[in-house]
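Given only the sequences and the hints, what does the whole structure look like? Please build it.
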Amino acid sequence: QQQVKQSPQSLIVQKGGIPIINCAYENTAFDYFPWYQQFPGKGPALLIAIRPDVSEKKEGRFTISFNKSAKQFSLHIMDSQPGDSATYFCAASMNTGFQKLVFGTGTRLLVSP
Amino acid sequence: KAGVTQTPRYLIKTRGQQVTLSCSPISGHRSVSWYQQTPGQGLQFLFEYFSETQRNKGNFPGRFSGRQFSNSRSEMNVSTLELGDSALYLCASKIQPTPTDTQYFGPGTRLTVL
Numbered sequence: 418q419q420q421v422k423q424s425p426q427s428l429i430v431q432k433g434g435i436p437i438i439n440c441a442y443e444n445t446a447f448d449y450f451p452w453y454q455q456f457p458g459k460g461p462a463l464l465i466a467i468r469p470d471v472s473e474k475k476e477g478r479f480t481i482s483f484n485k486s487a488k489q490f491s492l493h494i495m496d497s498q499p500g501d502s503a504t505y506f507c508a509a510s511m512n513t514g515f516q517k518l519v520f521g522t523g524t525r526l527l528v529s530p
Numbered sequence: 676k677a678g679v680t681q682t683p684r685y686l687i688k689t690r691g692q693q694v695t696l697s698c699s700p701i702s703g704h705r706s707v708s709w710y711q712q713t714p715g716q717g718l719q720f721l722f723e724y725f726s727e728t729q730r731n732k733g734n735f736p737g738r739f740s741g742r743q744f745s746n747s748r749s750e751m752n753v754s755t756l757e758l759g760d761s762a763l764y765l766c767a768s769k770i771q772p773t774p775t776d777t778q779y780f781g782p783g784t785r786l787t788v789l
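Quick mapping for you: the protein sequence lines, in order, are chains S and B. Residue numbers for the first sequence follow the working numbering, so the first one is 418 and each next one is one higher. Residue numbers for the second sequence follow the working numbering, so the first one is 676 and each next one is one higher.
Note that these hints are calculated values from the structure, not bench results. Some hints here could point you the wrong way.
From chain B, some residues computed to sit far from chain S (all C-beta separations above 12 Å) [said to hold, decoys possible]:
1) Gln-716
2) Glu-723
3) Lys-732
4) Ser-754
5) Leu-758
6) Leu-789
With the C-beta cut set under 8 Å, the calculated list includes, among others, these residues of chain S facing chain B [claimed, not checked]:
7) Tyr-449
8) Pro-461
9) Phe-479
10) Phe-483
11) Asn-512
12) Phe-520
If the Cβ cut is set under 8 Å, some of the chain S residues that face chain B in the computed set are [unchecked claim]:
13) Gly-433
14) Leu-463
15) Gly-523
Backbone N, C-alpha and C define an ideal beta-carbon position, used for all residues, glycine too.
Printed below as a string of structure tokens:
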């Protein structure tokens, strides 16, 4: 019940395309859902996060869509660029006390020129 | 402001040995978490320290331990190394141990167990 399932494992899109990465969770107590971006040789960096009281959040070309009833959330990258090529991780946690982030297994995105 | 630093960046050990990894958080950050990253498993939470006390622990055997010092710097130790311990070990820091507080990751220590 503590798992976050992420798909696809890898994704290749052409420049300008809109890659979509999906995540699903079981624990209904989760109420904080961040996405992290990791480049080779670097640690993950927070990209964007959402709380379940909103269904969508945009930051620049990155959008999170959240479906509370389906217990799913997804990341969309608009007008993707080769510089977006990285590994993306979704995560979830409860927002009370000392709670750990539970991460998905990651999606390796390649944006071809 | 300097980011999270981890030393060493690369480490090669043999089975049965022990290893200590070090993490210096961003100045002013008092919460330090450790993660193990492996292909296919993603990031697995090891533990979190705040004010020199372990506040949360993941599902890892007792061979994995850690500590935090009064200056918030943290170390993790793995004893009796196994081949399966080969991974990237990431340290992350944040100001407070609040789940929604932004967590900043270091570049990691790549441990190879032969």
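Status of each hint after checking the structure:
1. Gln-716: For B:Gln-716, whose nearest Cβ neighbour in chain S is about 6 Å away, the distance does not exceed 12 Å, so it is violated.
2. Glu-723: 6 Å, violated
3. Lys-732: 9 Å, violated
4. Ser-754: With a cut-off of 12 Å, B:Ser-754 remains clear of chain S, as the shortest Cβ separation is near 23 Å.
5. Leu-758: 21 Å, holds
6. Leu-789: About 22 Å separates B:Leu-789 from the closest Cβ of chain S, which puts it past 12 Å; holds.
7. Tyr-449: 5 Å, holds
8. Pro-461: Because about 5 Å separates S:Pro-461 from the closest Cβ in chain B, which is inside the 8 Å limit, the hint holds.
9. Phe-479: 16 Å, violated
10. Phe-483: Hint on S:Phe-483: violated, closest Cβ of chain B at ~15 Å, above 8 Å.
11. Asn-512: 5 Å, holds
12. Phe-520: 4 Å, holds
13. Gly-433: 28 Å, violated
14. Leu-463: 5 Å, holds
15. Gly-523: 5 Å, holds
Checked against the numbered hints listed earlier, the structure breaks hints 1, 2, 3, 9, 10, 13; every other hint is satisfied.
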